[in-house]
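Sequences listed follow chains A and B, in order.
So the first sequence is numbered by the working numbering: it starts at 1 and just counts up by one.
So the second sequence is numbered by the working numbering: it starts at 1001 and just counts up by one.
Treat the hints loosely; a few may be bogus.
No farther apart than 30 Å at their CA atoms in a straight line, the calculated lysine-lysine pairs in the DSS-like style are these [as the list claims (entries may be wrong)]:
#1 K95(A) - K1014(B)
#2 K672(A) - K710(A)
#3 K468(A) - K1006(B)
Here's a subset of chain A near chain B, in silico, CB distances under 7 Å, partners left out [as the list claims (entries may be wrong)]:
#4 P117
#5 T489
#6 L520
Hints in this document: simulated from the structure, not taken from any laboratory.
C-beta atoms are modelled at their ideal positions from N, C-alpha and C, and glycine is treated no differently.
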Amino acid sequence: MTETRCPVNRILSEIRSAMESGALNHPRVHRIAEQLEELIDDIAWGRAGSDHLPAIDELLQEWLGLGEEASGAALARQLSAGISANREVFESHVKTHNCATGDCVKLAPAPCQMTCPAGIDVPTYLALIGQGKDAEAVAVIRRDNPLPWVCGLVCTRPCEFMCVRARIDTPIAIKSLKAFAAERAMSVGSYVNPPQEPPKGRKVCVIGAGPGGLSAAYYLALKGYTVRVIEALPMAGGMLMVGIPRYRLPREVIDREVALIESLGVEFRYNTRFGSDVTLDQLRKEGFEAFFFAIGAHNAYKLGIPGEDDFPQVIDAISLLKRVALGERHKPGESVIVIGGGNVAIDAARTCLRLGCQSVTIAYRRTRVEMPADVEEVEQAEEEGVHFAFLTIPKQITGKDGKITGLECVRAQLIQKPGSKRKSPVPILGGEFVMPADTIVAAIGQRVDYQALEQVDGLEWTRRDTIKVNTATMATSREGIFAAGDAVTGPATVIEAIGGGKRAALAIDRYLQGIPQPELPPVPVRRGRVEWTEVPASTKMVLKRPEMPLLTIDRRRTTFQQVELGFSENQVREEARRCLRCDICRRCGKCVEVCRDHMGIDALKLGYMDFEHPSETDFRRTEEKCIACGACAANCPNDAMQIIDRGDERILSLCGTILNRQKLVLCSNCGKVIGPQRYLDFIRKRVDDIGRLPEGQMLCEVCARNQSAKLHTDSMPV
Amino acid sequence: MNRFHKGQKIQIFKSSSDESWEPFMDSFVGLSGVITDPDTSINDPDALVEVSIEGKGTYRLPQDCIRPLDE
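Go ahead and model the full structure; you've got the sequences and the hints to work with.
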């Protein structure tokens, strides 16, 4: 018989089931099973290379060699036979990255999860939050991100840009829901670390205690490695601590999450600078076998304009934010101009206001639309009194007696230059003007401090002055040295650094275990399939994303208290119910197609299913036309669309959204359910000519057949 | 065409000769996605932008291989 289920997928499920059941309790068997799972998962996702199958064979031989005493010997034989019998399918997965059955993509993560650089299973944790299971939600998040609370406050939330709900109205407030769950779980003491693997007795050194380093340290510690983190600053957090102001991210949030990582046995050595206080050779002599560099991008770019080096009142934003974070709270001047348009510029400007500066202006060479800063941060800065000077190009810093008096600027216009597809700011002739100021803050970008790594021979760098890595493994050009975070990407996001740290931890584990590395970056992993919550269609449409309550404007101008106050519990639970559960519905559109083209009903108004050209969505419209025939549910490949009889109703739902309820009609003879009236009318129209029942009678198939046969017999001439 | 902005729908229309382009990225050509992080600090046409590609995940890509879908 031809196997209809993908053998790769099936064998992967068999291993996972055995591991989850706890049957593989022999330490070596457990380790082998874990490695097999990783390798077969690579194959299922098209990430495997030519050495994957031989490595699987070796692991199976090792398992079989342990004999009958070891746990799972029967499973080992079963896996070995399964792989041998389906060798061609496995090889095809490796070579063509194709799964003929489609099983290997059937559980494809939702767009939000795919978008998250750390691959967090967003729909699963949102569903848990919706059910009030905050600690379970945090546990799901921490499978891929050890800093849920931090990210709940400062993540750039790429997930929300891909949120399918945005095609209907507004994206789910994923970031803020995460913050609520983490804070609540921490508050009630249910935010705990997962169990660690037994100690492996092998040492890994992480250089940098920023988000990338913390992420790698956490996942390595969970795998049983002895981890030491070296940090030049006097505390952990890196840019989280010294680059993000306290009104966005309170220090306690970082400290509490770092403490949990520390409690896994991770050793932190602060005030220790790699390259000067400790060297690679010294660390190797101490027994460290692998290294992870996450040193960030802490050096600021210079403005490159006259006067920049002539006045001490010209400071870079990163240094300013760092000094304030470390406790220095003196205002840099009275009248400040911040040059730049990114989040760092906004942070620097809002920090200056809180330090007591009289006037703070952000000078940006393009327009508001082109600002790379987060829109909400820009709005909040404006509310607090930060001024913006758009289309303003700084030309020269002027002053006398060692003090700045102003910034000479030129007005610009955006013009598309010949040969270029993008508009660039071009100075307007005669558009020179002077902006009075006594302090200039440069916030035009950061770069990696590569001098710290000069002693690492053979480390390759990109032309962008970042560490060159293989993005599938974060491995550098030096064996045993891995890197991630801003040092690799350039100044990027917290969540990218966290994702890079996790990816590197997995690669370091493989490196030290001697198993092959994936050829493609890992695809996010589904962490469960949590039951959906039933929501009426009208509620699903009517619920709106809540507005974030903020601190009073006076406190925002004067203190470093947290600005975003967080949603109430009720808002959080309601917001979670807006989620469309794209982890279950793949938006293949088969339901819409079947209803419209095959049944001729066209009851499903689900325009959000089209990514490129979404049209109107209204879950409420289904009820108007739907006959509850169930054709959509029968053709749904993921059981997202379901039709069930409950009590005296037939209910059609999509991932828990109740699209239609119809009263059931019972057979007037035997009492059996024969369907809703609309459905029966639809059928009757089509079979009207074949057999007509007496008026008012509703019979099931069996009773109708019996009655028809009886009539036929009675009327037959003898 | 303006610079890329957050939330913009784009298409990977060709491979890139930039050093950051890795062989596995060839499979992205023809796919659509959304800009999730343009260059964070500097308006540099040479900067890598963060793109979430439908069904593939999120990557930093050079700008010469990306074109907007909605402009």
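Outcome of the hint check:
no. : hint               : in the structure
1   : K95(A) - K1014(B)  : holds, 23 Å
2   : K672(A) - K710(A)  : holds, 20 Å
3   : K468(A) - K1006(B) : holds, 26 Å
4   : P117               : holds, 5 Å
5   : T489               : holds, 6 Å
6   : L520               : holds, 5 Å
The earlier numbered hints are all upheld by this structure, with none contradicted.
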